[in-house]
Amino acid sequence: MAAKKPVRWHIAVFLAPALAVYTAIMIIPLFGTLNLSLFNEEGNVRVFVGLRNFITLFGDPLWSNAFWNALGNNAWFFLVHMLVQNPIGVALAAILSSPRLRMAVFYRTAIFVPTILSFVIVGFVWKLILSPIWGIAPGMLDMIGLKSLFAPWLGKEEYALTTLALISVWQFVGIPMMLIYAALLSIPDEVLEAAEMDGITGASQFWKIKLPLILPSIGIISILTFVGNFNAFDLIYVAQGALAGPDYATDILGTFLYRTFFGFQLQLGDPYMGSAIAGAMFAIILLGVCVYLFGIQTRLRRYQF
Amino acid sequence: MKSTFHIALLTSTFLSGAAWAEDVTLTIESWRNDDLTIWQDTIIPAFEAANPGIKVVFAPSAPAEYNAALNSKLAAGSAGDLITCRPFDASLELYNQGHLADLSGLASMANFSPVAKSAWQTDDAAATFCVPMASVIHGFIYNKDAFDALGIAVPATEAEFFAALDKIKADGTYIPMAMGTNDQWEAATMGYNNIGPNYWKGEEGRLALIKGEQKLTDAQWVAPFATLAKWKDYLGDGFEAQTYPDSQNLFTLGRAAVYPAGSWEISGFNTQAQFKMGAFPPPVAAAGDTCYISDHTDIAIGMNAKSAHAEQAKTFLEWVGSAEFASMYANALPGFFSLNSTAVEMQDPLAQEFVSWRGKCQSTIRSTYQILSRGTPNLENETWNASANVIKGTETPEAAAQRLQDGLASWYAPQQ
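These protein sequence lines map, in sequence, to chains F and W.
If you count by our numbering, then the first sequence holds residues 1464 to 1768, one letter each, in order.
If you count by our numbering, then the second sequence holds residues 60 to 475, one letter each, in order.
Worth flagging that the hints you see were computed from the coordinates, not collected in a lab.
Ideal Cβ placement from N, Cα and C applies to all residues, glycine included.
Mixed in with the good hints, there may be bad ones.
Derived list of chain F stretches under chain W, where covered just means 3 residues or more per stretch with a C-beta under 8 Å from a C-beta of chain W [unchecked claim]:
(1) 1549-1561
(2) 1616-1625
(3) 1706-1712
(4) 1724-1736
Going by beta-carbon spacing under 7 Å, a handful of chain W positions derived as facing chain F [as the list claims (entries may be wrong)]:
(5) D305
(6) T374
(7) N437
Distance ranges between label pairs, derived from CB positions [what the hints assert, rightly or not]:
(8) W:G313 - F:W1633: 33 to 39 Å
(9) F:F1757 - W:G271: 41 to 47 Å
(10) W:I430 - F:L1678: 57 to 63 Å
(11) F:L1604 - W:G337: 55 to 61 Å
(12) F:F1725 - W:D292: 33 to 39 Å
Based on the sequences and whatever the hints tell you, model everything.
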């Protein structure tokens, strides 16, 4: 009979502080919000209404149109990041990891710097750059004879969201670049040398050897982008205000939630419907993360070196 | 032991009570921290000189924090004796919760017209809970030098207005009108609610809308949108992305000739602009028509219902309702016009011009502010969006009006 395993108290003790803080500032508010979404106010009294807030949100055209518009915009915002930010991030990392590149440290820093800037500064600076009145964008396009291509992008329904998505890409392209760069550096030299022995070099080495090896990192980046984008709020709020103009063309779930929950101008805040929107956002993000975790990540092939 | 302590406590209360009786201090809660020096140097000394024994302290907080800070102070019982009132629902809510005292009995309330008081009354106008202080008037400020150089007379009718804009546009030196749609609110506040009262006949239309006798899809409510749609051609390049500060700068730098304005711009423009400025009220359809202006009630002052110095606070409020206060306040803050029925002499020529319209036009307030913005969708916010869309040409005036009407009817019973 083996001796009884000692209770490993130290695990609980060391976990406790982080768990307590996380519970206090994340988990309790999360369930508080979900709970609040099941209530509403009738004659200044808070009453339990079950799922009625969600029925209003999805059933009443006034609410559901705004919600689907925000969700559609959010999906496009995410798509632009996936199609532009992440491929460029991977490409930059591949270039940076090339041993022949000079001043790699400078480029790496320069590309990463916008990531640490505040949203407020990024929004304000880009608004000035693109301003049709004082901005430098019209002048620069004029210099290369393309003035006709200039439009007040942030003020046009058809361009505003894409413009903001690209501004966000500019700001955050450093994150995938850094993660992929780290993943590329961790590929053992033996693997690459073996590839070279077999005559696989240059671009085909990237496609056939390196890319499959960094796929898990790309997966992680995709899910980070997904969560980040569906929680986004700051940039839109700074650049376009809480009404997410023009004509709600840049309204994403975050701004929709903000307007509803906290109110805006003469509109008084509605914490109950706001919580319902927050609950829907939580469900969307949870669903996306689950699809990734169970549908994609488990199928990714991993290589142990 | 315990009773000794109680007696000591009582004595100290009486003593401090006696000390208070000699010199009562009233504290004013306000969001106008910009006006601190005006209150301290001009208004309060004048009151204290006339009312010995009452001291007044002006204690403002930041505008964005005011509502939240005031609510928690009132709940905790630590709010000042006098409360600066925001218009309509924010203050009405405080009155309903019993935080603001009913001031209907003040003698100086007689100095204010029903429109002036409407922002601080219960819906049935039975109780008034704040003394109106000031309003802001909408109209157009223009570059006088530009108008003189181009030989344009100040337009009185809509036809003259657009003829003037056409002339400025043809000349090409100036952008005819400085306004953008990026921030949306200018389109509604300085656009729709500026020119609108001429169409819906001011109070007549506004009250009919509240009663449900008129709809936003009626001709008089769609017409201002149709006029706004014509503004597009006279705005600067890229106006879609032009912000409110952009517009202000375009005008004060002398690059634009006309600025759809609110009178609160006056002091800022006076310091910024290097040229002569004038102002004209929203043009009417045909010469000789009655003109209507948006004379929007913006700021008032009420009494904390739990104030320990109600009598002194009422003395102060009576004084706020007097002609003396009106003149002092309006001159210290050109662009914030006294709501007092007594005419106020003002020094600033631009402010004089704005206020002179009260004599020849009928006053009203912004159509969306009273009652109609209580539900979801919020009519005021929707009007921002609709006005901006109409100016950009992405929504027709009829479609915009229909959308606003549908939204309003969805929650407002008299419109159903």
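Verification of the supplied hints:
For the stretch 1549-1561 of chain F, the proposed coverage by chain W is not satisfied: 0 residues have a C-beta within less than 8 Å of a C-beta in that chain, short of the threshold of three. For the stretch 1616-1625 of chain F, the stated coverage by chain W holds: 5 residues have a C-beta nearer than 8 Å to a C-beta of that chain, and at least 3 were required. Counting residues of the stretch 1706-1712 of chain F whose CB falls under 8 Å from any CB of chain W gives 5; the rule of at least 3 is met. Note: the stretch 1724-1736 of chain F has 7 residues with beta-carbon separation from chain W under 8 Å; the three-residue rule is met and the coverage holds.
Interface restraint check: D305 (chain W) against chain F, minimum CB-CB distance 5 Å, threshold 7 Å, status holds. Look at T374 (chain W): its Cβ only gets to about 33 Å from chain F, farther than 7 Å, so that hint breaks. Given the 7 Å rule on beta carbons, the hint for N437 (chain W) holds: about 4 Å separates it from the nearest Cβ of chain F. With their beta carbons about 35 Å apart, G313 (chain W) and W1633 (chain F) fall inside the hinted range of 33 to 39 Å.
For F1757 (chain F) and G271 (chain W), the Cβ-Cβ distance of about 55 Å falls outside the hinted range of 41 to 47 Å, so the restraint is violated. Taken as a hint, the range 57 to 63 Å holds for the pair I430 (chain W) and L1678 (chain F), whose Cβ atoms sit roughly 59 Å apart. Checked against the hint of 55 to 61 Å, the C-beta distance between L1604 (chain F) and G337 (chain W) comes to roughly 38 Å, which is inconsistent with it. Between F1725 (chain F) and D292 (chain W) the CB atoms are about 38 Å apart, so this pair conforms to the stated range of 33 to 39 Å.
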